[in-house]
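Start from the sequences and build out the full structure, keeping to the hints where you can.
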Amino acid sequence: MAGAAVTTRGGTPQARSPGFWRRATRHGLVIAGGAIVLLLGVAALFGSALAPLDPNQMDFSALFAPPSLAHPFGTDEFGRDLFSRILHGAVVSVKVAFIAVGISAAAGVSLGLLAGYYGGWVDEVLMRVMDVFFALPAVLLAIVVMAILGRGVENAMIAIAIVYAPIFARVTRGAVISVRDREYVNAARALGQSGTRIMLAHVLPNAMGPIIVQTSLSLAFAILAEAALSFFGLGTQPPDPSWGRMLSEGRAYLRQAPWMGIFPGLAIMVSVLGFNLLGDGLRDVLDPRYRGRR
Amino acid sequence: MSLNYLLKRLGTMILVLFGVSLITFAIVPLLPGSPARVTLGVQATPESVAALERRMGLDRPLAVRYLDWIGGIVTRGDFGESLISGSPIGDEVLRRAPATFSLALVALLIGLLIALPAGFLSALKPGSARDLGVSIMSQVGVSVPDFWMGILLIMLFSETLGWLPSSGYEPLAAGLWPWLSHILLPAATVGIISGSIMARFVRSALLEVLGQDYVRTAHAKGVPRRSVLRKHVTRNAAISIVTIIGLQMATLLSAVVVVEIIFAWPGLGQLALTATLQRDYPALQAAVLLSAVIFTVINLVTDVSYSFLDPRVTYA
Chain A
85 MAGAAVTTRG GTPQARSPGF WRRATRHGLV IAGGAIVLLL GVAALFGSAL
135 APLDPNQMDF SALFAPPSLA HPFGTDEFGR DLFSRILHGA VVSVKVAFIA
185 VGISAAAGVS LGLLAGYYGG WVDEVLMRVM DVFFALPAVL LAIVVMAILG
235 RGVENAMIAI AIVYAPIFAR VTRGAVISVR DREYVNAARA LGQSGTRIML
285 AHVLPNAMGP IIVQTSLSLA FAILAEAALS FFGLGTQPPD PSWGRMLSEG
335 RAYLRQAPWM GIFPGLAIMV SVLGFNLLGD GLRDVLDPRY RGRR
Chain B
682 MSLNYLLKRL GTMILVLFGV SLITFAIVPL LPGSPARVTL GVQATPESVA
732 ALERRMGLDR PLAVRYLDWI GGIVTRGDFG ESLISGSPIG DEVLRRAPAT
782 FSLALVALLI GLLIALPAGF LSALKPGSAR DLGVSIMSQV GVSVPDFWMG
832 ILLIMLFSET LGWLPSSGYE PLAAGLWPWL SHILLPAATV GIISGSIMAR
882 FVRSALLEVL GQDYVRTAHA KGVPRRSVLR KHVTRNAAIS IVTIIGLQMA
932 TLLSAVVVVE IIFAWPGLGQ LALTATLQRD YPALQAAVLL SAVIFTVINL
982 VTDVSYSFLD PRVTYA
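Which chain is which? The protein sequence lines are A and B, in order. To get the numbering used here, take the position in the first sequence, counting from 1, and add 84. To get the numbering used here, take the position in the second sequence, counting from 1, and add 681.
Since the hints were derived computationally from the structure, they do not count as laboratory data. Please read all numbers here as calculations on a predicted model, not as lab measurements. Hints should not be assumed to be uniformly reliable.
[As the list claims (entries may be wrong)] Cβ pair distances, simulated, as ranges:
(1) A:Pro150 with B:Trp858: 34 to 40 Å
(2) A:Glu161 with B:Arg736: 45 to 51 Å
(3) B:Arg736 with A:Val354: 53 to 59 Å
(4) A:Ser278 with B:Leu721: 53 to 59 Å
(5) A:Phe182 with B:Gly758: 43 to 49 Å
(6) A:Arg266 with B:Ile695: 35 to 41 Å
(7) A:Phe182 with B:Gly722: 37 to 43 Å
(8) A:Trp105 with B:Trp844: 39 to 45 Å
(9) B:Leu721 with A:Glu161: 51 to 57 Å
(10) A:Gly186 with B:Arg757: 42 to 48 Å
Heads up, the beta-carbon is just placed ideally off N, CA and C, and yes, glycines get one too.
Shown next as structure tokens:
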């Protein structure tokens, strides 16, 4: 998972360049990914209102009911409606993903900005520390953090944030290095502006392209990671519906209720696919060097 | 490839591993509750916990404990004893390592069997329907949760068709079919996913070479298409493909950790998760440290083999 960092190949993607919206809204991948993400957003915001039934309401007259009009995705071992549970699961998934990626982007972008702009020993020290984090498999690093912090959905957010912060740092650093010696940055320096102001007003906005792309890709991986941690019983705790947990519950009943093993996984896959397509599409649009290569 | 570069890379690797060992060691002091408490259980008196802490050496300064711990690992391969079973963890790791490595290797093989043909098929006709098909396959491959892929394969091949067992491990010594039938589903889970991801990289590696002047020249001077592909394209693309395999090994090992747990595969990943769930810290430390070592060594070998295979690549 950690291998998903964006490489900019020296190009300077411009999120503010003219025609960005026009190009983005005509790009196939952006449209497809955007549509899925929009759908997921609707499910997350209005999931509790849209769900036909209470996700935790048990119905012992309909245990393991196969998909039907009354239960589009069937029911589980307690007769709970899977469709309603999956809609509620979207709330959990999206919340965890956004908070985790928010934290890791805030931390990673700040570190990358400092390392890239100042260079020298600051850069050396920060990047060597990041190398240490990169030396651990992502899943294992998350499991270690969960071992220290204990189970629970908040701790899962922190674990995911710690895993992805180094990727944000690396991506930001690369983008910052490619713009830090531009004329407008030198001009700002000549005008005597402070380092903080130059970084926030001139460098960061022009380095946003790869960061936006990385945000979309990280959201995809955060949804995957939350599902994985919950699947192993480390993330979201019962009875809250979470896609990963629903799959691990469904594992015991694969023979009598295969839908329990199919629909939650499908929900995870489609959401992750949405953010991945959006991220790849945005990279095409933002980085001219990628255009036409794929 | 200069000796200087190799030495510098080795130096960095040792620094990184030192950092990893610090983090791994820090797991125990950072934890809520002491290992002595875990060993004795919640009903133990404070006195007996304190006595065991002294016996385990937990009352000594952190620096001394770190040197003692890392010294034992480096000089004697001694990772301490499991808090749950009381047996040496080094032995446990050695017992589990073959299971993990055989799974990773078979998974890589399956991945390559998917990625190489798919990559060739799409690169030779960019923009075609089969190219689109491979690119959709890649996108889906990146997005499928590995544990769900495992569940789907179990549903199809174990529950419905009944062809393959859904969990467990048999060593190769037990016979070819018992070994193969157990390894096939977990390896396919990882292999299908990493294969569909690698297909994309194989494709762009080939496209890169296909666009080179020497390929056009070979075509122009009338070299048959087959031999252009075999002699010029494949050999030059092989370098990037080796790098891809190296980089993919990291992702692959991550997926193996997850898949081992689903298929009750007695490897290192399963060791790490059960250690976490049972709070068996020495076992968790061993699993983390070893995977970091494997990870960094693979990265180093990838980089070095890259410059070894391509004499044009020199590192200043």
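For each hint, the structure was consulted:
{"no.": "1", "hint": "A:Pro150 with B:Trp858: 34 to 40 Å", "result": "36 Å, holds"}
{"no.": "2", "hint": "A:Glu161 with B:Arg736: 45 to 51 Å", "result": "46 Å, holds"}
{"no.": "3", "hint": "B:Arg736 with A:Val354: 53 to 59 Å", "result": "54 Å, holds"}
{"no.": "4", "hint": "A:Ser278 with B:Leu721: 53 to 59 Å", "result": "57 Å, holds"}
{"no.": "5", "hint": "A:Phe182 with B:Gly758: 43 to 49 Å", "result": "44 Å, holds"}
{"no.": "6", "hint": "A:Arg266 with B:Ile695: 35 to 41 Å", "result": "37 Å, holds"}
{"no.": "7", "hint": "A:Phe182 with B:Gly722: 37 to 43 Å", "result": "40 Å, holds"}
{"no.": "8", "hint": "A:Trp105 with B:Trp844: 39 to 45 Å", "result": "52 Å, violated"}
{"no.": "9", "hint": "B:Leu721 with A:Glu161: 51 to 57 Å", "result": "37 Å, violated"}
{"no.": "10", "hint": "A:Gly186 with B:Arg757: 42 to 48 Å", "result": "45 Å, holds"}
Of the numbered hints given earlier, the model fails hints 8, 9; all others are met.
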